[in-house]
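Novice: The task is simple: from the sequences and hints, build the whole structure.
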Amino acid sequence: MMRHQDLHPSVDEVVALHGGDATRLVQILRDLQEGQGWLAPPVVTELARKLGLSRARVEGVAAFYSFLHLEPVGQYRVLFSDNITDRMQGSEALLAYLSEKLWVEKGKVSEDGLLSIDTTSCTGLCDQGPGLLVNGWAIPRIDQERLDQIAQLILARQPIAQWPDELFRIEDNIRRQDTLLGHGLQPGEAIRAAIARAESNQGDRPVSERSWREGIPAATPGPAATLEEIKRSNLRGRGGAGFGTGLKWEACRNAPGETHYVVCNADEGEPGTFKDRVLLTRHADLVFEGMTVCAYILGGGRTTTHGFLYLRGEYRYLLEPLNECLARRRRDGLLGADICGRTGFDFDIEIHVGAGAYVCGEESALIESLEGKRGIPRNRPPYPVTHGYLGQPTVVNNVETFCAAALVAKEGGDWYRAQGTAKSAGTKLLSVSGDCERPGIYEYPFGVTVRQVLEDCGARHTQAVQVSGPSGTLIDASEFDRRIAFEDLPTAGAFMVFDETRDMFDVVRNFVHFFAHESCGFCTPCRVGTAMMRNVVDKIHAGRGAQHDVEEICRLQKVMHLAAHCGLGHTACNPMRDVMQRFRPAIQRRLKSLDFEPAFDLDGALAVARQMTGRDDAKAHL
Amino acid sequence: MNMDVRPSFLLDGEEIPFEPGQTVIQAALTAGHYIPHLCYHPEFVPHGSCKLCTVKANGRPAAACTLPAQAGLEVESETEELNDLRRTLVQMLFAEGNHFCPACEKSGNCVLQALGYDLGVMTAGFRHFFLDRPVDASHPDILLDFNRCVLCKLCVRASEEVDGKGVFSLAGRGISRRLIVSAESGRLADTDIAVTDKAVEVCPVGVIIRKHIGFQTPIGRRRYDVRPISAQALEDAPRKPEARHG
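Those protein sequences? They're chains X and C, same order as listed. Numbering-wise, the working numbering puts 40 at position 40 of the first sequence, and it's gapless, one number per residue. Numbering-wise, the working numbering puts 32 at position 32 of the second sequence, and it's gapless, one number per residue.
Because the hints were derived from the structure by calculation, they are not lab data. Be aware that a few hints might be false.
Chain C stretches covered by chain X per the calculated footprint, using a threshold of three residues with CB under 8 Å from any CB of chain X [what the hints assert, rightly or not]:
id, segment
1, 82 to 91
2, 180 to 186
Here are some chain C residues the structure puts well away from chain X; computed CB gaps all over 10 Å [unchecked claim]:
id, residue
3, 13
4, 19
5, 20
6, 73
7, 104
8, 105
9, 133
10, 135
11, 139
12, 151
13, 176
14, 177
15, 201
16, 219
17, 236
Ranges of calculated distance between the beta carbons of each label pair, as one might list FRET restraints [what the hints assert, rightly or not]:
id, chain 1, residue 1, chain 2, residue 2, range
18, C, 222, X, 90, 53 to 61 Å
19, X, 541, C, 194, 48 to 56 Å
20, C, 129, X, 108, 16 to 24 Å
Just so it is clear, CB atoms sit at the ideal spot from N, CA and C, and this is done for glycine as well.
Specialist: Dropping the structure here:
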């Protein structure tokens with residue numbers, strides 16, 4: 001495995017590597033930091049000058065992303081994944097263990113500058129957690145033994161490249177496969193099927209009813225023939241929103257532009273979701289195949305096309321294998337110029353790596369990040385299908401959507417929509433984690449009940465399931481006959497199981513903190529609202545909650561739901577809403593019976609004075 | 001142009017004509033109808049971040065400053081629900097920053113304060129964050145008091161688009177989002193800002209303050225002391241002469 005970090009490229013070298021292109025700013029900052037550890041002030045100044053940007057602009061971008069550092073950091077940066085599933089697997093105690101062992105406080109850099117320890121949002125290793133990142137490299141299955149090993153490597157100042165590969169081995173844990181994971185497609189098969197369909201002018205169906213009725217001979221259907229199959233398949237976006245894939249591609253195809261862009265959203269940041277990690281590990285060819293089919297449909301020899309895959313920073317370790325896959329496809333004539341021997345079918349894909357920002361999973365924020373900016377969701381309309389990357393028509397789809405589209409291109413729309421339910425065609429990958437015997441990836445036709453999934457994964461005494469992560473729906477045992485489908489429980493893939501021993505308030509508090517950490521801060525309702533929500537929930541957690549605080553939560557929910565700028569702000573209230581509806585006692589039993597209880601704790605405020613004077617006697621307390 | 005064929009939409013039941021390309025707030029202000037707003041400024045491309053101008057268009061909430069005007073759209077703005085939302089947003093902004101109106105040079109000229117008065121915000125409503133935001137007094141002619149920043153980005157936009165300088169930018173995320181200046185030292189004195197810059201003039205609150213002219217106009221005779229912001233905003237709006245004093 002490649003974990004090179006010993007290169008220390010200069011600003012000049014990195015800028016040259018990226019052709020001095022300011023739209024590649026996030027990638028440039030990543031590369032600079034990967035060599036130098038952090039982005040020192042003179043580096044930022046020099047970079048801004050080289051790229052012709054204001055210094056504040058460059059600093060503003062760097063300060064947006066969690067994984068970019070404008071302050072000195074440790075030579076080794078250990079980040080514990082802080083999803084609720086990691087906590088359930090003991091991450092908090094393990095963090096404390098390592099902190100004590102290496103004598104460094106959470107959130108601080110050790111005196112000798114050797115290391116820092118902190119937490120980060122879900123790293124997508126929930127089925128083999130707790131997970132952590134060391135200098136951006138993912139390590140699963142953390143326990144004391146592995147921490148001892150890591151501590152030793154750090155103290156020996158062993159370069160990460162020389163750490164044993166075993167530490168970084170990540171399992172796929174595929175527990176159930178259906179038509180997607182079980183596909184037998186060879187690289188290039190779906191593309192060739194699309195080309196063959198385009199060229200067969202003896203199709204079963206005329207191009208349109210009108211041409212048939214009016215006796216106009218069916219013209220060569222061209223790439224639109226496969227678009228028709230995508231539309232027939234009823235494939236809907238797998239990122240959670242469920243927009244019709246065929247409609248999206250058609251709108252983009254019809255939008256005028258010099259270049260049409262195909263963007264694969266592999267910024268899988270929703271806590272509890274890790275199915276894209278497995279698809280990119282096991283089925284990268286299928287992902288790129290789906291993107292290439294999309295480019296064929298969008299471009300069709302009329303305009304140029306270009307592709308991006310936006311890989312979340314936590315999956316940095318997948319970058320080299322994915323680039324190798326792209327290189328192989330270029331060699332095999334499946335990418336680059338004249339794909340599959342078709343003159344004028346030119347398409348290539350480059351990978352951009354994110355830098356720790358959940359909001360970049362929102363498609364317009366992702367495009368902003370691709371353009372080298374802070375990941376702030378855009379004002380819409382216009383939508384990306386007409387004005388996306390650099391203002392050009394752009395399709396943004398989830399990893400799983402492109403995989404499914406490749407299957408449709410090969411097998412046809414009718415075959416695809418025969419699976420699943422009437423409104424939710426096909427299959428869905430679920431990332432199952434939490435209190436169950438067999439966490440991992442489960443692929444089901446849409447319409448499967450929650451109960452079935454719980455049975456298959458070996459969950460017992462289940463109290464609740466968080467479907468589709470914190471931004472999704474939390475359901476209780478009375479709802480386990482509900483179905484995974486757009487018409488009932490839509491999901492991007494997360495399926496976190498909580499048994500009866502779990503305190504649902506702890507669960508929801510973790511989610512509320514997540515949203516406060518990940519809010520981009522653009523709009524007032526979400527920026528201030530998520531932070532206020534966090535403060536209220538912490539107040540209740542500290543045993544100082546009262547009815548007044550519950551009312552404040554309701555008030556904040558209303559504001560965020562009505563006025564937030566994007567989906568993050570709208571859904572940030574979901575966890576609290578669901579817990580208040582379904583697990584009210586989890587909150588009520590923590591409240592003081594008063595109507596109002598101040599947040600300020602007079603005795604607590606003296607703690608610093610007690611620590612400074614070394615006193616803890618009765619007179620040092622109120 | 002024949003007035004009869006101009007496209008229009010309904011704002012609280014009244015017909016508002018618009019030019020293609022205008023957003024709802026632009027058309028409304030031109031026609032002499034006020035929708036409360038903070039980060040929107042007639043001279044700049046709408047930003048859509050403060051959400052004070054949230055309206056309901058055909059029943060769906062949207063920011064009026066970025067919502068394209070469309071023929072036949074039915075827009076609600078002056079409703080109890082929406083004004084309640086706006087009051088809450090003003091309270092949230094007051095709670096986020098450190099605002100002490102009585103001691104602020106901007107008092108009476110401050111859009112946030114004026115909105116508070118005009119919308120009838122009577123209480124704090126939320127616990128304050130008391131964020132630590134040091135003042136930058138390094139520049140001889142300009143004071144930066146970040147405590148009062150509402151992150152409207154107007155100075156960023158003005159410095160980039162009008163002054164051609166890029167003195168300001170926003171950094172950070174969530175509640176840590178903050179205004180920064182373009183200098184390695186982080187000090188305004190080390191930027192190329194000039195006191196005559198549009199960026200200095202455009203701040204709607206008391207972040208960017210010109211030194212040496214403090215309290216030249218006494219409190220009581222300032223912009224929003226004279227008339228409430230709902231009337232002043234219409235006075236300032238780019239309007240056709242026939243729509244004035246309507």
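Novice: If a hint holds in the structure, say so; if it doesn't, say that too.
Specialist: Hints versus structure:
no.	hint	result
1	82 to 91	holds (count 3)
2	180 to 186	holds (count 5)
3	13	holds (21 Å)
4	19	holds (17 Å)
5	20	holds (14 Å)
6	73	holds (13 Å)
7	104	holds (20 Å)
8	105	holds (24 Å)
9	133	holds (14 Å)
10	135	holds (18 Å)
11	139	holds (15 Å)
12	151	violated (7 Å)
13	176	violated (7 Å)
14	177	violated (3 Å)
15	201	holds (19 Å)
16	219	holds (27 Å)
17	236	holds (22 Å)
18	222(C) <-> 90(X): 53 to 61 Å	holds (60 Å)
19	541(X) <-> 194(C): 48 to 56 Å	holds (50 Å)
20	129(C) <-> 108(X): 16 to 24 Å	holds (23 Å)
Hints 12, 13 and 14 from the list above are not met by this structure, while the remaining hints are.
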